[in-house]
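Enquirer: Listed below are the residues making up each chain.
Number of protein chains: 2
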Amino acid sequence: MSVVEEVLEKVAVLVEPNEEERKRLNEIASLLLEECRSRFNTVEGFVSASIEGSAAKDTWLKSKPELDIFIHFLPGVSREAMEEAVIKIGGEVMRRIGGQSRLRYAEHPYVEGFIDNITVNIVGCYEVSIGKWISAVDRTPYHTQYVNSRLTPTLRRDVRILKSFLTSAEIYGAEIKVGGFSGYLSELLIIHYGGFLELLKSASHWRPPVIIDIEGKVNKKEALTLFSKSPLIVIDPVDKNRNVASAVTLTKLSEFILASKIFLKNPSTSYFMDKPMLVPDKLESLAEGRELFAIVFNLEEYIPPDVIWGELRRSAEGIKKRFEMAGFDVYSYGINEHEGSVAIIFELDKLSLPARFVHRGPPVWMDDALRFVKKHLSSPDTVAGPWIEDDRVYVLKKREETMVDMLLKKWLAQAEVSISKQLYKAFSSSRMIVGWKEVLKILGTGIHAPFLNKFLTSRPVFMDHILRKD
Amino acid sequence: MSVVEEVLEKVAVLVEPNEEERKRLNEIASLLLEECRSRFNTVEGFVSASIEGSAAKDTWLKSKPELDIFIHFLPGVSREAMEEAVIKIGGEVMRRIGGQSRLRYAEHPYVEGFIDNITVNIVGCYEVSIGKWISAVDRTPYHTQYVNSRLTPTLRRDVRILKSFLTSAEIYGAEIKVGGFSGYLSELLIIHYGGFLELLKSASHWRPPVIIDIEGKVNKKEALTLFSKSPLIVIDPVDKNRNVASAVTLTKLSEFILASKIFLKNPSTSYFMDKPMLVPDKLESLAEGRELFAIVFNLEEYIPPDVIWGELRRSAEGIKKRFEMAGFDVYSYGINEHEGSVAIIFELDKLSLPARFVHRGPPVWMDDALRFVKKHLSSPDTVAGPWIEDDRVYVLKKREETMVDMLLKKWLAQAEVSISKQLYKAFSSSRMIVGWKEVLKILGTGIHAPFLNKFLTSRPVFMDHILRKD
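Line order of the protein sequences matches chains Z and B.
So that you can map any letter, position 342 of the first sequence is 402 in this note's numbering, and since no number is skipped, the others follow by simple counting.
So that you can map any letter, position 448 of the second sequence is 508 in this note's numbering, and since no number is skipped, the others follow by simple counting.
Just so you know, the hints here were simulated from the structure itself, not pulled from any lab data.
One should not assume that every hint holds.
Intra- or inter-copy, both count: the list cannot distinguish identical chains.
Claimed, not checked - With a straight-line cut-off of 30 Å between C-alpha atoms, the simulated DSSO-like cross-links for lysine-lysine are: (1) Lys410 - Lys497; (2) Lys380 - Lys410; (3) Lys497 - Lys342; (4) Lys458 - Lys381; (5) Lys481 - Lys435.
Chain Z on its own, in the form it takes in the complex (with noise of 0.2 Å):
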């Protein structure tokens, strides 16, 4: 057995359930259909309950056992009335059963709720033959039998291990936060490669875009052109207009070539492990001398993760943009949100613009020159000149606004920065942090800190192994 081979069948093992965990996840799995089957029958245009998601295809994890129900009903059945009921009666569900359960969005509301360590989400989707898709999810039952009639045991171990190795690379999860790779991709990608290892010396050597057909449904260029923007496209077995890869951004997809060079390069069980926190005296040593600005404030009203992380990019983007603009060097920025609380970290080439700048005039040869000089000779924050270079006017003038904080503050108030009108109040009279020490002080401990230790190492996680052995 190779070294990596090896190091697969030790990773097998961390992964894989066990007999029993197995057995409990079944156990609740059956309580909660049961309970789902005869609640719901009550209710009009009613079908039936069923399993899907890891747990029907078993690919779950063992450190993370989940529970996705699907309660389908009649295409007739109005939308409203298909999320009151889902709303209520999965809430009842999820009470019965002794667990806790909140209301979560997606497309669409559905219940997520907690049984010992057990995740469970109730949602409801539409009984429709393939391509009649009323709602997003309704794909979903058919991605069920499609990805099992095609896994094998020995494929079903490998999902499992590129779900443990996307998850400690922090490439998993199809939501806008992570912009990573889903559990249904996960599946297609170990199906289309035939193992783990096949998939990742296949991902190795991938350029992007890359485009993977399993079915061999459309033709390259027609992908190109329906997925323009996908770095990745996995055309999805059930519906050749979907790529099942869509949420995945081009850093993610590029982060995972990568991070599959260094495992085949140097392979350890090490890449499936959590690494751990840094401690603060490291943290001033990261910090030391950076030019660092933050802005934090916090939620007034409970916002859906994927609308939030949308409009915080967004924003954060209109800032990069307006410092750049105003003359900025912006190396990176970074974006956390905890329980209503936002920070957002900057790191620029430095934290105020030079005192004095050159403004650049007309041509001489233009009517406004003469203008131009005019304004300038009697204007108080005219430094030096006008003068002449070339055929134009130039005149050095002194700067009203110099710091970071206060710049922002000025274009906040003008509105001549591009942020989300949804956080327009929220960045308005968020606080300002302006240099590392300051940064640190206030960031460096409490719900802020892991992201602050993470944005100042600004190291994906896989990349540590490079010079490590086991």
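With chain Z held as given, fit chain B onto it using these hints.
Expert: Frame of chain Z, contents of chain B only:
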């Protein structure tokens, strides 16, 4: 009489020599001619001696009397023999008349002397027919002839007014240090436009490139091809293959255009006066808060002005480019040379580079990516990362050297900056002055003080008139 005509009448009085001054110049001219004729007579190939330049054309300024004595030789005389004779006998003539003299260099050496307040140049040339030029000054006698055939007393007055206008605006002089208008060019412009006011009215509407062809000898397209790098093209009436304005830089031409606009808008005699020197306390308030960096050194040997100014410009431009490559913004720079002491001042956006910088690596799909990650992971000057953004690897590095002077010293030592070979040693061992306070302390008094003053003001003198009335 219009306001502007009144102004010109007043200026004429200031610039035209009186009878006594004319008499004095003519007397010295006769003396010099006589002395030259008798002394050069023994030299083989000597033809004659003549007065050329502004004295011969009666276009000299009252404040600047000057005599150009041309010694004409037969074309058969070698360059060396002619130069030797001019240097030796020219010097004797000057001493005989009671003047001081020194050797100067243009295309070939000549003797410069001073008698009372009159500047005397003794220059050798070849007596050749039009087009058979051997040395660059062989055209001069023909220039004198041409100008005298076209000038009237009124135009002579206007030539003097123009020369005075250009001198005050610091646009007068074809030497590299100035890059402005020669005396002959001034005369041709007055001849072409028929007067000072007519010239300025036209110039205020110029848009470079400007072509002036008094005798209509070439077509526009031909001229633009022949003199493609010249913003101002004035065809020499004596030689259609020569641009009389070839020394004029775009900056100086643009200054002339703008000065014309300003004068016509606001005519006054003050355009023909010198500007008073700023007092030191004004200097401090001018310099405050500006990011200044200066280089000071002494030239070890005499280098002709046109040579040294060429080399200094090229070197300053090389340093500017290197600064920009490294991440500095160069707002402007200025050069001064005074009796062998050189000062170059740069105004920048900052005096040090950020202590941390982002280093961009290859895309993840390149083989190099892994090597990049390995190298920077184990490098002690890596601060954070490597991380991935879109498809590339990046890393945050510590910058070894950040201060402008230390950086320039390093580049000089490693030959990583384009500096004139002749001045490399001088630059390498130069004194470097960082920050406005230091620059003010060291250059604010002494020989470079007027230059510092001018640099900090960065305003052509003629601009100040725009806001003021006589």
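Enquirer: Does each hint hold? Answer for all of them.
Expert: Now for the hints, and whether the structure bears them out:
Proximity of lysine 410 to lysine 497 under the C-alpha cut-off of 30 Å is found in both arrangements, the shortest distances being 14 Å within a copy and 22 Å between copies. In this assembly of identical chains, lysine 380 and lysine 410 lie within 30 Å of each other by CA distance both inside one copy and across copies; the values are 14 Å within and 22 Å between. In this assembly of identical chains, lysine 497 and lysine 342 lie within 30 Å of each other by CA distance solely inside one copy; the values are 14 Å within and 39 Å between copies. Within a single copy, lysine 458 and lysine 381 get their C-alpha atoms as close as 23 Å, and across copies as close as 25 Å, so both meet the 30 Å cut-off.
Taking identical chains as interchangeable, the C-alpha atoms of lysine 481 and lysine 435 are never at most 30 Å apart, the minima being 37 Å within one chain and 44 Å between chains.
Violated hint: 5 only; the structure is consistent with all others.
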